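If you read the protein sequences in the order shown, they are chains A and B.
Mapped onto this note's numbering, the consecutive letters of the first sequence carry residue numbers 5 to 591.
Mapped onto this note's numbering, the consecutive letters of the second sequence carry residue numbers 5 to 591.
Careful, some of the hints might be misleading.
It does not matter which identical chain is meant; a pair holds if it fits inside one copy or across any two.
What the hints assert, rightly or not - Distance condition first, Cα-Cα at most 25 Å in a straight line; then the derived PhoX-like pairs of lysine-lysine:
1. K529 x K563
2. K269 x K154
3. K504 x K20
4. K563 x K273
5. K563 x K313
6. K197 x K584
Don't read these hints as lab results, they were simulated from the structure.
From a predicted model like this one, the values you see are computed outputs, not experimental measurements.
Next come the chains, spelled out residue by residue.
Number of protein chains: 2
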Amino acid sequence: MSKLKRTHTCGQLRIKDVKSTVTLLGWVSSIRDHGGLIFIDLRDRYGITQVVFNPDKGNEFYTTAGQLRPEYVVAIQGAVSARPEGTLNPNLDTGEIEVYADTLEILNKSETPPFEIEDESKVSLELRLKHRYLDLRRPVMQRRLIFRHKVCQVIREYLDRLNFIDIETPVLTKSTPEGARDYLVPSRVNLGKFYALPQSPQLFKQILMVAGYDRYFQIVRCFRDEDLRAQRQPEFTQMDMEMSFVDENDIIQIIEGLVAAIFDKVIGKKVATPFPRLSYNEAMASYGCDAPDLRFGMKIKDISDIVQKSDFKVFLDTVKSGGQVRGVNANGCGNFSRKDIDDLTAFVGQFGAKGLAWFKVEEKGLSSSITKFFPEETREKIRQYMDAKKGDLLLFVADKPKVVSQSLAQLRLHLAQKNKLIDTNTFYFSWVVDFPLFDYNEDLQRYEALHHPFTSPHPDDLPILEEKPLEVKARAYDLVLNGVELGGGSIRIHAPEVQKRVFRLLGIEDESAYAKFGFLLDALKYGAPPHGGIALGVDRMVTLLLQLDDIREVIAFPKTQKATCLMTNAPSEVDLQQLKELGIRLL
Amino acid sequence: MSKLKRTHTCGQLRIKDVKSTVTLLGWVSSIRDHGGLIFIDLRDRYGITQVVFNPDKGNEFYTTAGQLRPEYVVAIQGAVSARPEGTLNPNLDTGEIEVYADTLEILNKSETPPFEIEDESKVSLELRLKHRYLDLRRPVMQRRLIFRHKVCQVIREYLDRLNFIDIETPVLTKSTPEGARDYLVPSRVNLGKFYALPQSPQLFKQILMVAGYDRYFQIVRCFRDEDLRAQRQPEFTQMDMEMSFVDENDIIQIIEGLVAAIFDKVIGKKVATPFPRLSYNEAMASYGCDAPDLRFGMKIKDISDIVQKSDFKVFLDTVKSGGQVRGVNANGCGNFSRKDIDDLTAFVGQFGAKGLAWFKVEEKGLSSSITKFFPEETREKIRQYMDAKKGDLLLFVADKPKVVSQSLAQLRLHLAQKNKLIDTNTFYFSWVVDFPLFDYNEDLQRYEALHHPFTSPHPDDLPILEEKPLEVKARAYDLVLNGVELGGGSIRIHAPEVQKRVFRLLGIEDESAYAKFGFLLDALKYGAPPHGGIALGVDRMVTLLLQLDDIREVIAFPKTQKATCLMTNAPSEVDLQQLKELGIRLL
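Using the sequences and the hints, build the whole thing.
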């Protein structure tokens, strides 16, 4: 047990504390000998304080101080002193003072760490993960995890103030219909049966609405047995909420208020609300995707009609067979070389586009290797419609709508990054609304729910539900930040007959629906209120707010499948006897 | 979509709102016809409001109101009116007003529920769990879950204010050394290997201390594959915290402050701090267990020495062979019949006691069938030592210390319940401290950690660690409320050499320790600060604070192994193809 009790943190002392006797505990961050004195930067989560050992005072401790090495854990006691003129450090909160130590206790030693504990780390992610306890000790990582804590705390306080109740839902549960692979847990009591780890608490929160809880929220772990990607983890955290007696606008307003509260209390900035809303159709038409990055323009435009007056067979055939010709104006890229354009063609090729038509905008009008196929009048129409001026480059893809959207969405982002069109200091939030309820899966030849099977159709579209399912709009909404979907939600179905009609369209016939979702259909029979909600990815939101690329920078113990950097959360071999008790064996 | 937007909740309107036009949405709780008017009790989470339909106003809605049934979900609009004299309901917060509805919309119908939605439910737990969405709609269940939410919210706010950081630890992890059975999750990416669901975040929070986070907390789900009991669930929630640079008193004070904050802000009562502390030895001696119920006295006393002056062979032989004679004074039970005492003998028999010796205290002294074996002087000594007066009953067990403790601990509780000695309005908190570090497992012939292998020995006992392990005290502490352990914690080992010595004593040799806890031993090498923490059972705490017997009353979706009341959280059959992908098959 240390004899010295901490009186202050290493980030706390100021000029007003001069002459106080203080005790600090922390890690030795650096050691310098200067003019016969030993200077130690002592670090803890709260900051750094300069500690001085003077050979005149207490020789015993001066000698010990000489033996200190980086990352030793020490307790020091001494008097706070103003730093001599010329030695103040304006980069440190404690930069006006230093502590003259007259007592030193080594609480623990440290081997030489495999990398330095400093913000700028040049070592590999693998090494950082292997020694995560040292990686997390870097002040920049501490700031990130503290930021994440604050975001969660603001979410909780905001929702608590609005009468939301935090209710825990089970982790050992039945399969949920979210489409991804479930993690399974064999049951020892019911041999041959398995729990599933939840992909979301969707059904539980709907049950809570039926049970009259009115406003529910949870910051909750969810699980998907998917392959790892930089923005994805097999276990992730979402802010999940659900409300009764509301419509889309109520949910959207509450979330906008929540985002504003996070900006206000954690980031110290204002955010403008309400966020712009785009319909799904607008988003797909102008940006080629349903999570558009609106920090820059370069909208996609459709010239399928205009090019009817041309002899360019590729365009004409594409449109004739139900395809489209759409493109973007790459402002100021008229000086791109043939090689540059070939690279762009290869780029869109990754997303299925078979070619990339281009026009450079010159004094005299559009110029290209295909100019000859387009009458003067058509070229001028294209120029005007694309808002093109001298020095611009127009790029077009002609293909099936899906391919055109995908390749142009990516091309737009690619050009914006290349030309530095994105103001990385901006947070641009938007809502995408009016999604279709169903998608048609060509391979399986059946309808699929675009969100999930509990999303309410728009009431105006109920009459055409069976007749024209693909025209039915969903009461769904996604929140998008800087081109990334933060999450989404919907008003749910509360009428049991409507739920049955939707199940039927999805090919979940009544009997099998009952086996799978019977408790929900039962619940809807006993007075389910109109309700809706949303789920936002907490890890993803924090990563974006901190303007980081990798979600692992905001999670203390990230998953990784590489055995070399597994920390403690790797799968491991288990006792065969234990497997036998669970009624399973290895293949 | 409902045309009517809620303006007030059903618990909100007061006499000052009279003449306002309001819109309420909720469930029909009851319907009464009276004097040509229809009275509806409209219920939501916030309360009940009486709604009146008058045939004079808007006949259409009066007719619709006549078709309402219990648990229909409706929206009504109307004017707030003061109730006529004599019809005020002092039991309702809204009991001074009623709303004369001029609009009614049925938002959803309800079949007749299988039980009534009221506080006092006489139906079986099975039926309640089967229709949990209706069970949770009962106002008493809503109050309990809201109470639970508030407790968690107070915990978070209190710890946030004290600079604790909420950091999430993984759910898919390696086996933790907590002693219970792990739930396993087969890994698809590493076939033949398994994740374990964590029994606690113990090792992760220690890593966080090594990483310099100083103060960590989490309200976290933990998992133990154990059989269900009323106070236990296979997945449970604990308030987990850890601090650096502290000793036992720091942790104890913070938790006492936390309990006081919960009482202040959620229960509206004061709780006296500091809580009394008992050593483990005192607790075992006076109460026979390490989680004593201190709401009543009836301390256990040891008469092993006194009875040396007797001819009672059972007592003499027991003491000679290393056993004890201990007992309690059942105040005022001197009138117990032979049958009563036989019942008590059978009761202690369940806990291994082979008999129960008794003395009734009469005017002339102790009286019993075994009086003759005890000289007058010895009997008087027993009477005095047991603080016995006329009308009392003294009960003794002679056996091995463990059996004596167990059976007397239970006997003490049994007598207290029988004689109503327990003031059930009292919350009696205490700390049990100075636990032994090790226990000796007679069956396996080896030492076991009484808490866990990371608990720090008392530094004074380090010299005798290997020599007299059973005499080494642990720096551990348990929080006890009304005879139930709410949780416990300890100061941990931060010196790698001490950790290795403890592992060695536990038979975890260096190499295997490294395979199992290598990352912890590694972490301790790089400047681990002195640290300690605690974990408290949230479900258990809430259950006790609400004075309920069953933990399932404070959890929305409890686990149960009975197929008939499984809600959604039952294990189920899965696709054999999916098992194949996981590299496992059923036995």
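Results of checking the hints against the structure:
In this assembly of identical chains, the alpha carbons of K529 and K563 lie at most 25 Å apart only when taken from different copies (24 Å versus 42 Å within one copy). Taking the shortest Cα distances, K269 and K154 sit within 25 Å of each other both inside one copy (8 Å) and across copies (22 Å). In this assembly of identical chains, the alpha carbons of K504 and K20 never lie at most 25 Å apart, being 71 Å within a copy and 45 Å across copies at closest. Taking the shortest Cα distances, K563 and K273 never come within 25 Å of each other, neither inside one copy (32 Å) nor across copies (44 Å).
Neither within a single protomer nor between protomers do K563 and K313 lie at most 25 Å apart by alpha-carbon distance, with minima of 56 Å and 69 Å respectively. Taking identical chains as interchangeable, the C-alpha atoms of K197 and K584 lie at most 25 Å apart whether they share a chain (14 Å) or sit on different chains (15 Å).
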